[in-house]
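Let the sequences and hints guide you as you build the complete structure.
Below are the chains, spelled out letter by letter.
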Amino acid sequence: MKKTMIDYLLMAWFWSSGLLILVILLAIIVYLIWRGGAFVNLEFILESPSGFPLGTEGGIFPAIKGTLWLILLALVLSIVPGLMTAIYLSEYGRSGRLAAFISLLVQSMAGVPSIITGLFVYALGVVTLGWGISLLAGGLALAIMVFPVIVVSSRNALLAIDENYRLVASSLGVSKSYTLYRIILPRAIPGILAGILLALGYAAGATAPIMVTAAAIIASSSGALLEPVMALPYHLYILFTEHSSIHHAYATALVLVCLVLFLNILALSLSSLQERINR
Amino acid sequence: MINLGAELKEKIISFIIIGAATVSSLLLLAMLIYILRESWPIWSQIGVSAFLTGSTWRPLNTPPEIGILSMIASTMWVAGGALLIAAPLGIGCAVFLAEFAPSSLAAVLRPVVNMLTGIPSVVYGFLGAAVLVKFFEVKFDLASGESLFAASLILAIMVIPFIIANSEAALRSVASEYRHAGIALGVSKPYLTMRVLVPLARKGMLGALVLAFGRAMGETMAVLMLAGNILRFPGSWFDKGEPLAALIALELGSSIPGSFHYQALFAAGLVLVVMVIAVNAVINLLLNRIQNEV
Amino acid sequence: MNTVEFIDFSTFYGQKAVLRNINMKFTANSITAIIGPSGCGKTTLLRSINRTAELENGFNSRGDIRVLGQSINEYRNVSILRRRVGMVYQVPVALPLSIMENVLFGPKYYGVKNRSELEAITEKCLRRVALWDEVKDRLKRPASQLSGGQKQRLAIARALAVEPQLLLLDEPCSSLDPASTGMIEDLLTQLAEEITIIIVTHNLFQAKRISHETAFILEGRLIEKAPTNKLFESPEKPETQGFVSGLFG
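Protein chains in written order, with this note's numbering: chain A, 1 to 279; chain B, 280 to 573; chain C, 574 to 822.
In case anyone wonders, no lab produced these hints; they're calculated from the structure.
Treat each hint with caution, since some may be false.
To be verified - In the EDC-like style, the derived pairs of lysine to aspartate or glutamate whose C-alpha atoms are separated by at most 20 Å in a straight line are:
#	chain 1	residue 1	chain 2	residue 2
1	A	K176	C	E674
2	C	K713	C	E674
3	B	K290	C	E647
4	B	K290	C	E627
5	C	K681	B	E286
6	C	K681	C	E692
7	C	K598	C	E809
8	C	K798	C	E812
9	B	K519	B	E530
10	B	K413	A	E242
Unchecked claim - Here are some chain C residues the structure puts well away from chain B; computed CB gaps all over 12 Å:
#	residue
11	N630
12	S652
13	V664
14	K709
15	D710
What the hints assert, rightly or not - One-sided and incomplete, this derived list gives chain A residues near chain B with beta-carbon spacing under 7 Å:
#	residue
16	I79
17	P81
18	Y88
19	I102
20	L119
21	L167
22	S170
23	L259
24	V260
Backbone N, C-alpha and C fix where the C-beta goes; we use that ideal spot for every residue, glycine too.
As structure tokens, this is what we get:
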């Protein structure tokens, strides 16, 4: 088979694209470690920011706490609606107009820019309900943001469970909810957990929604619902735009990326576990 | 003997589940309606076309001048530019992963793509600002390296992993018979890929590109740190600008709730949402046409 | 008494007709085999009896089926119907539970809680399918560890645990080896003394071996139903003759 010039050009395109992507990620990780690694130590993680401008010295402990509070709250607020919607789409409403409508709404939600979610919660929570800039508002904004992620991943996890189980159960006269409770849900747990972890990683890195609803430059992040919180992504943004400390900025970025990657890798291994179970 | 209780219990449970699903999904509609309501005075008093086509944004003037044309233009420049850069790279890499990569390399590359999707946008923005912008300033001797182009570049890197993932899935779902037939005919693999496999996967690929475009339009942090945040109409890709998302993020906190400024920001938000939904809807309609033709 | 009676029963998937005007009776405590070429509607026939056919999109039906004296549409709760009619599928399915929990899945749902009663049910059902001696020491182990033939016998035990009066089997032995097939055929013959059995099979020898009556379905219609020996040796319809002599299907 004669290779023409075009073949070589095409192959060059494909190979260089693939290698470039690889290089980009490696560059990002390496650069972050190189510029920030030296500054990530125990004090950095456990202390509060200090110095003038704020953040030049000290650490990021309240930001870490704040991020953890935010994603916890986002999880608590979104998991029940998210799971129930997923259960509906996979067990009760496989076809039919309501299911198609709900599916469309959920997918559209996934496309809504996160700043808009922040805008909405700002108007509803911060202003109208009088919460002010608060952990609660931020958690709500993040919950709305990750709701579609949880629905889609849970639904896929449920649908991947062998259909024969449902057939056998219904031929015995057993109800759908009992089948869900004893067979389907337990078996789909790794897949559902994987989706939840991905959602948490997404929430941990989100800046725009919390910027307008929850984040403050300095706060104690004690977990009080109506108090503002610090958060890692917002802290990074402030450190850079205020030109406080480029070193701490890199260090913060590194910590944030490590947190998110950790959650993603955990999710990935749970996904593989689920696939092995399903075989 | 089954009691009535079991049947009733099942009915209640399904009612709760259906109810929860419906209410949660209606959240989207609630959001849109709320934003529409908050921005209503803008629509009724200024009007849609004046708002969309006015290129001056001085909401605190008396009388306030609010037109978001510059922001819309910036949004389109930044997102369109990102797609211009990301599409060839993303599709190329997807083809590479699906058809040409040796399996050991693919086994490394796929998790890499996966990880790239997980990196928060603020980190991309930060790296872009700290590294890329500095680079432009030094290399081209600029006072400030921020521009719509810089933002497009970083946005491209952000959306490429999504394009890769969806496009690769689309390619993989093309039936292997086509590949076998191509090999049997003695056609070279690149030729087969470009002339047969990619066209067969084009629906999924176009969908991926559209989603990427929508995401680039709505992205906030990267553009905040890279686009320059100038409220002027951008003349070219290399000008500074302020996309809609950046506008909202920057000015929302300082606006007075209930004021004209506040309502204008909501109107801008509504425009952004409508733009994203419109892009998705239009392309999905076109895609259905393609599907029907095949 | 007729355990099952089809009265002018037809089914459709969307616009496409699958079963056409089936009129058929199944007598109690017997084994009836249903034979016919692929796609003729045998599975739909079976699944219509316990109303699992309607779980598919686009399914609708006309006419009636009376099971144990009552129309299937008159059952206030379809669970009650499905409990009286057991079903075993072509693919041996072990629920992702232990062997014992598989058998007890139905009884536990229906409220049996007493531990000794549960153990008694487990032993009784597993003995009836000749599985007890093979698994009695590993009842708590996952059922997925069983072989195909064992899983299928477990499936029958699971169906028997809710005490059905009718057992439907859809090509239950098609993925099993001859030894397992023989075991299942023996236990079906024994069960028929207490339960009405309807078995769809593509194995004409199997039909000859175990069934008392055989029904031949072609393109959704009942062509002929007769005592097995008569159907195979001197069928009345030419289509039946053609099928059983291997001309088509």
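Of the numbered hints stated previously, which ones are contradicted by the structure, given in increasing order?
Violated hints (numbers, rising): 12, 16, 21, 22, 23; every other hint is consistent with the structure.
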